[in-house]
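Chemist: Listed below are the residues making up each chain.
There are 2 protein chains.
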Amino acid sequence: MSETYVGIDLGGTNIKLGCFDSNLNLLGKTSVATKADLGPAAVVDKMLESVKGLLAEAGHSLRDLSAAGVGTPGPAKYNEGIIIASPNLPLFKNVPLKKMLSEGLAAPVILENDANAACWGEYVAGAGRDAGDMVFFTLGTGIGGGIVSDGKLVHGCGENAGELGHIIIYPDGRRCRCGQRGCAEAYASANSTAKRAVEAIEAGAHSSLKKVFEENGAITCKDVYEHLAKGDTLAGEITDGSARALALLCINVLHTTEPKTIVFAGGMIGAGDVLLNRIRDYFNEQIWTLKKETVEICFAALGEDAGIIGAAALAAQCKNKDDAQRKQ
Amino acid sequence: MSETYVGIDLGGTNIKLGCFDSNLNLLGKTSVATKADLGPAAVVDKMLESVKGLLAEAGHSLRDLSAAGVGTPGPAKYNEGIIIASPNLPLFKNVPLKKMLSEGLAAPVILENDANAACWGEYVAGAGRDAGDMVFFTLGTGIGGGIVSDGKLVHGCGENAGELGHIIIYPDGRRCRCGQRGCAEAYASANSTAKRAVEAIEAGAHSSLKKVFEENGAITCKDVYEHLAKGDTLAGEITDGSARALALLCINVLHTTEPKTIVFAGGMIGAGDVLLNRIRDYFNEQIWTLKKETVEICFAALGEDAGIIGAAALAAQCKNKDDAQRKQ
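Just so you know, the sequences run in chain order H and L.
Take the first sequence: its position 215, counting from 1, is numbered 215 in the working numbering, and each next residue is one higher.
Take the second sequence: its position 101, counting from 1, is numbered 101 in the working numbering, and each next residue is one higher.
Same shape as in the complex, but just chain H (with noise of 0.2 Å):
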């Protein structure tokens, strides 16, 4: 019998699921909405029909399914696989996912933080393949961030390791929702960045975004890369402060695990070329000269799906250390 897994993305507007084989092909993926208000039970429910669903339209059935991994925002207790609280899902205090879906599904099931499961896809089906040490950011309302040495994830001693965003790089600088002063995601996440344009204008800068602020009475960070394409001086500006920001982040991560390879993901990659040049020239400029790094800094591969071939590929790992130590 072949192997098949199921990975899934735990969000709090959808769940996105994808079914895979040994070799992590993908046989067929589904997104759903989570409608997260209806409560825990009703979630699952709502996961343990789409796997069915899914491994039913690639021609399996649930027996056939050797184990499923899920990717699910913090704070939760991984290893023990409980929920503790999220801000996406809100009505989720304390669940035990991991049991739940592993009744439900008659199949081991493992726990992962969103940002290490979408990590973890780069590191071995995208950017990030074969690196051995990689480092994953993920920009988005805030900045995620995953780290791969010597070939595993590193979780830390709570779990919490790789909040990557909440890297201090200006001391007394602007004030990041988790408290702190100065977080690289102060400046460089997708909110920040926009955030960081409505000021300017607000303060008087000229800029073709006046046009849209006024409008929209908002600014988007996708607002703000369309009117640098267009050659706008403050969007340009502002896209230096995020790509200063986010160099100072590869060099501080460099000299901390020394990844082979820095992915960035996330909707603000949308930005393309403009963004990751102004961030490997930062990097440039302000890297050592002790010696030559040769890091790669580049952008994510995988798109959305990441975080579902990352779950099913620890899915996979996770299966196969049980078959190994049943076998000893």
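Hints were generated in silico from the structure; no laboratory data involved.
Keep in mind that a hint or two might mislead.
[Claimed, not checked] Pairs of lysine-lysine residues, derived as DSS-like cross-links and limited to a Cα-Cα distance of at most 25 Å, are as follows: (1) Lys327/L - Lys327/H; (2) Lys93/L - Lys152/H; (3) Lys152/H - Lys260/L; (4) Lys260/L - Lys77/H; (5) Lys93/L - Lys319/H; (6) Lys77/L - Lys292/H; (7) Lys319/H - Lys99/H; (8) Lys321/H - Lys327/L; (9) Lys291/H - Lys77/L; (10) Lys321/H - Lys152/L; (11) Lys77/H - Lys292/L; (12) Lys152/L - Lys77/H; (13) Lys93/L - Lys291/H; (14) Lys321/L - Lys327/H; (15) Lys77/H - Lys291/L; (16) Lys292/H - Lys93/L; (17) Lys321/L - Lys321/H; (18) Lys321/L - Lys152/H; (19) Lys77/L - Lys152/H; (20) Lys77/L - Lys260/H; (21) Lys93/H - Lys93/L; (22) Lys152/H - Lys152/L; (23) Lys260/H - Lys292/L.
With chain H held as given, fit chain L onto it using these hints.
Modeler: Chain L alone, transformed into the frame defined by chain H:
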């Protein structure tokens, strides 16, 4: 036959050696002048002689030696056992130290970065005992670092992980000897602490340190802490600057690999509780409010023995792994 291990700390000035039983109990230790100017062959001969002498004193012969570990400054190809170059060992260029020693000792030899070896010593037998996840800083001429993640030393893709003194904490700040600006090392190493005091006095600051500077033409880090103890205001400000930089380092490594324990070592910890308490205060002042952090920030427990203990422990680990592989 019981196992016997030797740990060696190869420095530019002295070679420290320790002989240990299988439980890492110290059977004897010694220190000899390196005399690096005599060249690698002479230094290796001295190391071999010292190991033999140390074993004999403990009632052993070379035949009883199970393995030896050596901590050396980088850059080196530790896996291959080759010292590429070292500012403190100027005649050591591409020296196959591991091969030379293992032939001379007729036992397996493992080479490790000196800061990593000391980090490992504190991890297995000192302040970070059983922490699982630990970060280690050594405050000397520069700031060295070591990281233990999930019970293993982090080496990075090119064996240069843990260059924690070169984490940038003040972009556009003080120039570091590495070429970057704003490295932690440029503020909080023993040398930088002393240098900042000299700069302040040259800029006209009032301080009891002024007399020291006029008499000796220099100020040491030790002077700063001695005058701090006597209530000198400038010494207090300089110490504050170092403590704040070190607290920022603590926050940044906490958000990266999430250590349970952060250990400071090196001559500068002679400053005692006044320094440690200031680091902790700044940490608590600047850390996020998102969740309570319980990381222990403390000083090293093994003093100068950390390096030889760590090197011996790594040798034992390596030997045990070899044995296990041979049994399979």
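Chemist: Run the structure past the numbered hints and jot down the numbers of the failing ones, going up.
Modeler: The structure conflicts with hints 2, 5, 21 and 23, although it agrees with all the remaining ones.
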